[in-house]
Amino acid sequence: MIGMHGTAYANKAIVDADLIFSIGSRFDDRIIGKASEFGKNAKILHLDIDVSEFGKMIKPDLKLAADADAALQIMVDLAEPQKRVEWNTKLDSYRKDFPLTYKTTGDLTMQQVISEVYKQTEGKAVVSTDVGQHQMWAAQFYKSDHGDNWLSSGGAGTMGFGFPAGIGAQVGRPEDTVVVFAGDGGFQMTMPELATAAINKLPIKIVVLDNKYLGMVRQWQEMFYENRESGVDLEGNPNFVTLAESYHGIKGFHVDRPEDVTSAVAQMLAYNDGPALLHAEVTKNENVFPMIPAGAPLEDMLTEPPHHKMDKPTGST
Amino acid sequence: MDTEIDGAQALVKTLEDLGVEYIFGYSGGAAIPIFDALVTATDKIQLIMSRHEQGAAHMADGYARATGKPGVVLVTSGPGAGNTITGLMTAHMDSVPIIVLSGQQIRPMLGKDAFQEADIFNMTMPVTKHSYLVMETNDIPRITREAFHIASTGRQGPVLIDLPKDVTSGAFDGSFDEPMRLGGYKQLLPPTKEDITPILEALKVAKQPVILAGHGALLSGAAKNLRQLAEELDIPVTTTLLGKGVFQKLTILASV
Numbered sequence: 287m288i289g290m291h292g293t294a295y296a297n298k299a300i301v302d303a304d305l306i307f308s309i310g311s312r313f314d315d316r317i318i319g320k321a322s323e324f325g326k327n328a329k330i331l332h333l334d335i336d337v338s339e340f341g342k343m344i345k346p347d348l349k350l351a352a353d354a355d356a357a358l359q360i361m362v363d364l365a366e367p368q369k370r371v372e373w374n375t376k377l378d379s380y381r382k383d384f385p386l387t388y389k390t391t392g393d394l395t396m397q398q399v400i401s402e403v404y405k406q407t408e409g410k411a412v413v414s415t416d417v418g419q420h421q422m423w424a425a426q427f428y429k430s431d432h433g434d435n436w437l438s439s440g441g442a443g444t445m446g447f448g449f450p451a452g453i454g455a456q457v458g459r460p461e462d463t464v465v466v467f468a469g470d471g472g473f474q475m476t477m478p479e480l481a482t483a484a485i486n487k488l489p490i491k492i493v494v495l496d497n498k499y500l501g502m503v504r505q506w507q508e509m510f511y512e513n514r515e516s517g518v519d520l521e522g523n524p525n526f527v528t529l530a531e532s533y534h535g536i537k538g539f540h541v542d543r544p545e546d547v548t549s550a551v552a553q554m555l556a557y558n559d560g561p562a563l564l565h566a567e568v569t570k571n572e573n574v575f576p577m578i579p580a581g582a583p584l585e586d587m588l589t590e591p592p593h594h595k596m597d598k599p600t601g602s603t
Numbered sequence: 023m024d025t026e027i028d029g030a031q032a033l034v035k036t037l038e039d040l041g042v043e044y045i046f047g048y049s050g051g052a053a054i055p056i057f058d059a060l061v062t063a064t065d066k067i068q069l070i071m072s073r074h075e076q077g078a079a080h081m082a083d084g085y086a087r088a089t090g091k092p093g094v095v096l097v098t099s100g101p102g103a104g105n106t107i108t109g110l111m112t113a114h115m116d117s118v119p120i121i122v123l124s125g126q127q128i129r130p131m132l133g134k135d136a137f138q139e140a141d142i143f144n145m146t147m148p149v150t151k152h153s154y155l156v157m158e159t160n161d162i163p164r165i166t167r168e169a170f171h172i173a174s175t176g177r178q179g180p181v182l183i184d185l186p187k188d189v190t191s192g193a194f195d196g197s198f199d200e201p202m203r204l205g206g207y208k209q210l211l212p213p214t215k216e217d218i219t220p221i222l223e224a225l226k227v228a229k230q231p232v233i234l235a236g237h238g239a240l241l242s243g244a245a246k247n248l249r250q251l252a253e254e255l256d257i258p259v260t261t262t263l264l265g266k267g268v269f270q271k272l273t274i275l276a277s278v
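As given, the protein sequences belong to chains A and B, one line each in that order.
As numbered in the numbering used here, residues 287 to 603 make up the first sequence, in order.
As numbered in the numbering used here, residues 23 to 278 make up the second sequence, in order.
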């Protein structure tokens, strides 16, 4: 994944590329950073079903208005095999040098909970996320193995989306495991749907990743507003376990220590008589990296907390 | 038809014919005829009642993303419809097909600031692919089929159908087979070899190419062909947030 919170190695690949072929991507500002810098040394190819996307963000050198699969089918029929050993070896070394990491000692982190769910579901669950830091970590650490299994509000970034979207997915795919990752903020926006999930006996798994903050905004305030917190403190959160269990048929689980994560996730996944909610209390003091400040070029990517004062981003929100 | 049916029953029958199995909704006065028809006119469509209309809209969205079928929402007029705006915007931004059916005040009351009246057609204009305000009962089947067609073809997206209560409770004596009137809705022609050749040429001579796969690749069902092309040409693939998973885990390429 590239972009604001994409992996370092993917962003480096884009910076080094001499050709970028977008298939069904609209060059969203979260992906490209500063438009005038994106792929400035690369030939830009754009394949999209909607002609209004050509040139909206990035002017393509070659464009094709077509259904992606129809175009790719022809390409597959006509293409002659090629090898690019040097380029792929270089990218492989980026992957080894810039892996995604998180601390496994100390306080419980969202990354650890998400990784454990990924492990125990073998990457095969339908995952629905809400919006915020947890969404980015879910994208980084829950490596879905199928496109239809990843539901996330990307363009709009709508908090409150994750849980009801997961309900809709479970209704449509009753045989599949559906896991919702929601922050404590977003979950509280649409949590009345606990009733909907309960009365329909949906075996949906809801992981509430609770750092008691509007984490992504807090991260921006820490990085760009000299750590002045304003409007991000989610004091007064309920006890999510008792709240969930106040609905007949929902089972609640709780975890707040790294050593308990494996068993807590296993218990949540094992309950199928109705919804299961795992309340994971995690540390507030985590920021999502890599990060490209809004409107900055991909080259300005930070892979760790900056040691200097950062200017406020102006290129986007 | 021997027995008389009303517009709402014609609507529900059309939805059933279109393969709809679930409707995510929340009732209210203006939508009662349609909720009534869910009881009288079908035993195939199940109502999933939410606790807020925003929840219903996101449920339909998640259903569509996970199954590839348009999600259907049924809400009442005014605040009910208004509560779906964020859900419509969410689906619109990510090109997800949902159909929002909203009850509406009766036709003579439109524009009179009537109880639970909202100009939802105009309120949702920027966040829908298309919208309808149904003014004739007999138009219901055609408009419904058009809405599904628009939502699920080309660049997919949400469609709103606003249904005044007297239109849905009025007697239906039209046809279920009236042809769609979508002359202005142009689909792209299929790509040709001539279209493709310059792209293949550019890929061939590039020394350090990257493929960026977005949501469109996923919505198009292009995963298999994309993988094949990337392997043939040995080009690394990365994705956007929503393109994630379209390129199933590979061990051969240094997939980024």
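Just so you know, the hints here were simulated from the structure itself, not pulled from any lab data.
Even for Gly, the Cβ is constructed at its ideal location relative to N, Cα and C.
Treat each hint with caution, since some may be false.
Below are the DSSO-like pairs computed for lysine-lysine, each with C-alpha atoms no more than 30 Å apart in a straight line [said to hold, decoys possible]:
(1) Lys382(A) <-> Lys410(A)
(2) Lys208(B) <-> Lys376(A)
(3) Lys66(B) <-> Lys342(A)
(4) Lys410(A) <-> Lys91(B)
(5) Lys246(B) <-> Lys429(A)
(6) Lys326(A) <-> Lys229(B)
(7) Lys229(B) <-> Lys342(A)
(8) Lys91(B) <-> Lys376(A)
(9) Lys229(B) <-> Lys369(A)
(10) Lys342(A) <-> Lys246(B)
(11) Lys226(B) <-> Lys329(A)
(12) Lys229(B) <-> Lys320(A)
(13) Lys345(A) <-> Lys229(B)
(14) Lys349(A) <-> Lys208(B)
(15) Lys229(B) <-> Lys329(A)
Distance ranges between label pairs, derived from CB positions [stated by the list, open to error]:
(16) Asp336(A) <-> Gly205(B): 28 to 36 Å
(17) Ser197(B) <-> Leu348(A): 56 to 64 Å
(18) Leu204(B) <-> Asn327(A): 38 to 46 Å
(19) Lys405(A) <-> Gly133(B): 38 to 46 Å
(20) Glu43(B) <-> Leu348(A): 38 to 46 Å
(21) Asn523(A) <-> Gly205(B): 28 to 36 Å
(22) Gln68(B) <-> Asn327(A): 38 to 46 Å
Which bits of chain A does chain B cover? Going by a derived footprint, with three or more residues having C-beta under 8 Å, they are [what the hints assert, rightly or not]:
(23) 422-435
(24) 481-493
(25) 582-591
Query raised in the report: Which numbered hints does this structure break?
Result: 2, 3, 8, 16, 17, 19, 21, 22, 25
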